[in-house]
Amino acid sequence: MTGWTHHRGKAVALPVEGIDTDQLIPARFMSRPRAAGYGDFLLHDLRFDADGTPDPDFPLNRPEAAGASILVTRRNFGGGSSREAAVYALADFGFRAVIAPSFGDIFAANAVNNGLLPARVTPAAAETLLEILERAPARMEIDLEACSVAVAGGGEEHAFTLDDAMREKLVNGWDDIDLTRRHAPALDAWRRGLKTDRAWLWPGGGTG
Amino acid sequence: MTAAPRTLFDKLWDAHRVPIETAGRSDLLWVDRHFVHEGSHHAFAKLAERGLGVAEPDLTFGVADHYVPTRDRDAPIADPDIARMVETLEQNAATHGFQLFGLHDRRQGIVHVVGPEEGLTLPGLVVVCGDSHTSTHGAFGSLGFGIGATEVAHVLATQTVWQSRPATMRIRVEGRLGPGVGAKDVALAWIARLGADGARGHAVEYAGAAVRGLSMEGRMTLCNLSIEGGARMGLVAPDAVTLDYLKGRPFAPAGADWDRACAYWTGLAGDAAAEPDREVVLDGSEVAPIVTWGTSPEDALPITGTVPDPARAPDPTRARKIAAALDYMGLAPGRPLDGIPVDRIFIGSCTNARIEDLRRAAAVLEGRRAKVPGLVSAGSSLVKAQAEEEGLDAIFRAAGLEWVDSGCSMCVGMNGDRVAPGERCASTTNRNFRGRQGPGARTHLMSPVMAAAAAVTGTLTDARPLLAGREVA
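Chain order of the listed sequences is A and B. The number in my numbering is simply the position in the first sequence, starting from 1, with 76 added. The number in my numbering is simply the position in the second sequence, starting from 1, with 26 added.
Please note that the accuracy of each hint is not assured.
[What the hints assert, rightly or not] List time: in silico EDC-like cross-link candidates among lysine to aspartate or glutamate, alpha-carbon distance up to 20 angstroms:
{"#": "1", "chain 1": "A", "residue 1": "K86", "chain 2": "A", "residue 2": "D254"}
{"#": "2", "chain 1": "B", "residue 1": "K72", "chain 2": "A", "residue 2": "D273"}
{"#": "3", "chain 1": "B", "residue 1": "K72", "chain 2": "A", "residue 2": "D254"}
{"#": "4", "chain 1": "A", "residue 1": "K271", "chain 2": "B", "residue 2": "D297"}
{"#": "5", "chain 1": "A", "residue 1": "K86", "chain 2": "A", "residue 2": "D125"}
{"#": "6", "chain 1": "B", "residue 1": "K37", "chain 2": "A", "residue 2": "E207"}
{"#": "7", "chain 1": "B", "residue 1": "K37", "chain 2": "B", "residue 2": "D297"}
No lab work stands behind these hints: they were computed from the structure.
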């Protein structure tokens, strides 16, 4: 994964509260391998009717939303199931950032692990941006170093909050497994300590 | 200098933080139990891509639950996609050498039922799984939380997980719960009050007389639903109820190890002076049986209430949300919740399909007929066997309900057990999200006695009159 500090792209409004991960990707699509691509499943049952016909009024289906990479939405985005496929669907559709007043904690961690920014702004800032974008999608700029977002071309800057560790990961494109394996000696010592002090932590063969 | 007083959460966190220089990053936590299921295939694929093995197969446990069929298990699985999911888990267990509770194991069931039942879940652990309802395991005084596929791969490779330390919240439920009221009602009551993101960023510790009075089954229901209020995890301090439940379970420590473990667990109780960052107090005696009316678990009201009116909402955003939920649910504002006709019921899931749940549902159904079809799927195959030994299956069957094998089933619909589009289902599950039980499905969450009462009357209804004069477990 490559890190990033600035992004400029088309932003689209999804003026709905509580988009849970079951909406982001219905469970029935999750048995597919990642390589198959998850973009078509994003918000599937909101974007398409039972016959698979796209709803022309749904924000992501409008022609002017094509190529959007920033999603602005309302509170509690990505709550519910821990399914990382919800992030795969957003990323494969082309999103690099979601801007909202709050996110499900597991979703936010999954997003960062896939290079997708969950930018938490105040409810007032979200409403201001939604009002602009509901008129028409517009280009926005994201500055991951300053933790701010703005409509491109001199729009008002809005600060966002993001856990420091998450910000560092996005900026550096860090991979956690590589990072943790550098601590192998400390982990080995920790494990040996547990085996000595709390050997009962390792369950037996299930014989009671 | 004396050490600062610590909560149960603080002690558990500190006991699992691997001492490394993290330069202000999040903490690296040691994982004591890692549960995987068919849906963990993305994580195993990541591991294979990098040519990595499983660091601690003895602390890794596989359970087939999300996709498994609940009928005709002796026949080959008809759906090739589902068959592949179940086989992939079996192959991964064989390749990496971890214990699997597979489709044909007599201990198979839903991961959050099997772990505790087998004595794998204990106080004082960090328990993770690629499933948000891993919060269930906190009922034993553990840190249990759901993780995504990238994190699952990380745990497989290193037996650790990076986590930022959450804030702490105590939810104190004082008083005594009324008859016909249980842990499900308490959980939906606090989620309705605080919102589906009300506990975001927090570890919730449940305390108070009403919580102490709950069985382990009830505590698991309460902790299970923590995630529906946005909490990272939910926990209950271990006590005699916890130890009585665990002693003698197949994988629990035994003999001198049991004594050593008990001594360790006793030291975990929060210090008297330790205060959480937030506290919320509920009066247990005021909690009524609750049902949801909308498309989020926060859309919950006592059964004695009426469907909310968007015109009376505090702000336009809320009004739009209520209107959209009512449109999806096919409900008119102002109508009493009691009496809304349902098309089917479902008793099952990691939330409410343990033996106590089935006993309570059976107490309502005994000697009565269901007016609508319904499915009863025990939380595990062992719960199913126990229910059959107690004759509960006969009560469900005599009522006209279908008694099927154990799995996630109609809670998430991945195995094909779905609610048809437009159908209304009274369900003991955890999510009333749009389409959760199938595209277009309308879900009302409630306790097992309330789902049983809905079966008997064919409507959402107050279970309490139907329980009058009946023995309830």
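Evaluated hints:
no. : hint             : result
1   : A:K86 to A:D254  : violated, 33 angstroms
2   : B:K72 to A:D273  : violated, 33 angstroms
3   : B:K72 to A:D254  : holds, 13 angstroms
4   : A:K271 to B:D297 : violated, 27 angstroms
5   : A:K86 to A:D125  : violated, 26 angstroms
6   : B:K37 to A:E207  : violated, 46 angstroms
7   : B:K37 to B:D297  : holds, 10 angstroms
Going through the hint list in order, the structure does not satisfy hints 1, 2, 4, 5 and 6.
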